[in-house]
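Asker: Respectively, the protein sequence lines represent chains A and B. So the first sequence is numbered by my numbering: it starts at 1 and just counts up by one. So the second sequence is numbered by my numbering: it starts at 249 and just counts up by one.
Bear in mind the hints are in silico, worked out from the structure with no lab data behind them. The structure presented is a predicted model; accordingly, all values stated were derived computationally and were not measured. Glycine residues also receive a C-beta, built at the ideal position from the N, C-alpha and C atoms. Any given hint could be a false lead.
What the hints assert, rightly or not - Reference listing, derived: stretches of chain B covered by chain A, where coverage requires no fewer than 3 residues with Cβ under 8 angstroms from a Cβ of chain A: (1) 318-332; (2) 348-354; (3) 359-373.
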Amino acid sequence: MNLTDSLNNHYPASVLDRLDPRLRLLAALLLITVIILLQSRPALATVLGGAIVMAVAARPPLTVTLTRIIPLNVMLALFFPFIALAHVQGLQFGVSAKGLHLFIDIVLRANALLITALALVGSLDIPVLGHALVHLRVPRRLAHLLLFTIRYLEVMHREFMALSRAARVRNFHPGANRHTYRTLAAMVGQLLLRSLDRAERILKAMKCRGYNGQFHLLRHFSFRACDAVFALCFVPGCVLLIVFDRML
Amino acid sequence: MEPLFILENIDFAYKEGRRVLQGASFDLHAGERVALTGGNGTGKTTLLHLMVGLHKPQSGTLSAFGRARHSEHDFHEVRCRAGLVFQDPDDQLFSATVAEDVAFGPFNLGWERRRVAEAVDATLQKLDLADFHDRVVYHLSYGEKRLVALASVLVMQPEVLLLDEPNDGLDSAHSARLVDILQQSDCAMLIASHDRDFLKKVTNRAVKLADGGII
Ligand SMILES: Nc1ncnc2c1ncn2[C@@H]1O[C@H](COP(=O)(O)OP(=O)(O)O)[C@@H](O)[C@H]1O
Ligand SMILES: [Mg+2]
Numbered sequence: 001m002n003l004t005d006s007l008n009n010h011y012p013a014s015v016l017d018r019l020d021p022r023l024r025l026l027a028a029l030l031l032i033t034v035i036i037l038l039q040s041r042p043a044l045a046t047v048l049g050g051a052i053v054m055a056v057a058a059r060p061p062l063t064v065t066l067t068r069i070i071p072l073n074v075m076l077a078l079f080f081p082f083i084a085l086a087h088v089q090g091l092q093f094g095v096s097a098k099g100l101h102l103f104i105d106i107v108l109r110a111n112a113l114l115i116t117a118l119a120l121v122g123s124l125d126i127p128v129l130g131h132a133l134v135h136l137r138v139p140r141r142l143a144h145l146l147l148f149t150i151r152y153l154e155v156m157h158r159e160f161m162a163l164s165r166a167a168r169v170r171n172f173h174p175g176a177n178r179h180t181y182r183t184l185a186a187m188v189g190q191l192l193l194r195s196l197d198r199a200e201r202i203l204k205a206m207k208c209r210g211y212n213g214q215f216h217l218l219r220h221f222s223f224r225a226c227d228a229v230f231a232l233c234f235v236p237g238c239v240l241l242i243v244f245d246r247m248l
Numbered sequence: 249m250e251p252l253f254i255l256e257n258i259d260f261a262y263k264e265g266r267r268v269l270q271g272a273s274f275d276l277h278a279g280e281r282v283a284l285t286g287g288n289g290t291g292k293t294t295l296l297h298l299m300v301g302l303h304k305p306q307s308g309t310l311s312a313f314g315r316a317r318h319s320e321h322d323f324h325e326v327r328c329r330a331g332l333v334f335q336d337p338d339d340q341l342f343s344a345t346v347a348e349d350v351a352f353g354p355f356n357l358g359w360e361r362r363r364v365a366e367a368v369d370a371t372l373q374k375l376d377l378a379d380f381h382d383r384v385v386y387h388l389s390y391g392e393k394r395l396v397a398l399a400s401v402l403v404m405q406p407e408v409l410l411l412d413e414p415n416d417g418l419d420s421a422h423s424a425r426l427v428d429i430l431q432q433s434d435c436a437m438l439i440a441s442h443d444r445d446f447l448k449k450v451t452n453r454a455v456k457l458a459d460g461g462i463i
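Just chain A, same shape as in the assembly (with noise of 0.2 angstroms):
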């Protein structure tokens, strides 16, 4: 797999895509705070459920939320034994139920974070993502950082590839050795200066083409009629959220 494969969205079209990227950010921000505030475990249900509906929306390729989904509830799993023992009263083994009872909300309010996420911000390309921050007022450079990053994240990893390549065909096997950390060392060495050397290019590139420090974007997002209705039910919704699990 190309690695910055998992950068671009697999995603087939869907209604969600209709939204201003700039609300899903929104949203998405606001929805995890209220995941991390809630406190009762049916509040945290139904929390799940509705990014479980959200996420359904979303249409993503089954595939890929698996391979989030999956290593995050192993990785809880095998927490399992240090949180629900950490409970037990005394020297009797066995599972505590106030132990048992705190990893289930931990499951379910970890699920419905990732879930959320997965659902509101996986779904945009990541182009798209970081021209809403720039639209959001998220500092220009942070976000023109978060864009070159992805742009050249691909060239250095192919450079990389190039330059192990390189060393493998002349039979070296990494190993513990001195021989090792120094063509290890060399390489990071090379990819440095190679990355300097690019950036020089790039910036040449860019004033060739009339840059003078000043950055336009192309594309503006709309907030739309469906975004209005998204957000008169998204608010409520997490208005209600809170007021039904500070009343259990």
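Put chain B with the ligands on the given structure of chain A with help from the hints.
Answerer: Showing chain B with the ligands alone in chain A's frame:
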């Protein structure tokens, strides 16, 4: 009519290195498509970069579009009127998507957004790249990237095109498209290349770099 570029007795050496150009002189006139040949490392790339002020000659004079050019400020105008296409498209295309990259130059020319969007569409259409509008640059093939790099310069409607090994590494289909595009353009051109067949199709005059001079 006055030449677009006049280079007289240019000397140039990189900081650490031998002299690359020595007494190089060269004129480029409107309507000319000049082939620039010469072995590897003879300074073709260096010459193209000098012409848009990316390097400054140690001696000699360079004038472009009727004026002698010295400062960075002078060259800003030169770069807006003479488009240089780099050899490696990964140096030239830095935006995430094709349309944004093609829009970069026009925005720098101070065009307003509507005009930029129209020019981008028109240029992509003309180069038969309309499907590429929203494509992500890092997913393009090498040949496609090179065509997009050319589009990103052509969209600025330059009077002069400076091309560095434009045919290098292209397969026959992409090469044929490049030839088509260049034949249709009415820019003056200086094309550095080794490919004689390609040069024969797109140029009408040839110069050669050897021993630091232009013959
Ligand atoms: N940034 C640099 N620093 C030092 N020497 C350079 C640099 N770039 C090119 N050179 C040297 O200048 C000479 C001309 O290079 P170049 O203009 O790239 O040649 P060409 O494009 O004809 O192959 C070569 O000998 C090369 O090694
Ligand atoms: Mg060269």
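Asker: None of the hints should be skipped; say for each whether it holds.
Answerer: Hints, one by one, checked against the model:
1. 318-332: holds (count 5)
2. 348-354: holds (count 4)
3. 359-373: With 4 residues close enough to chain A, the hint holds.
The structure shown violates none of the earlier numbered hints.
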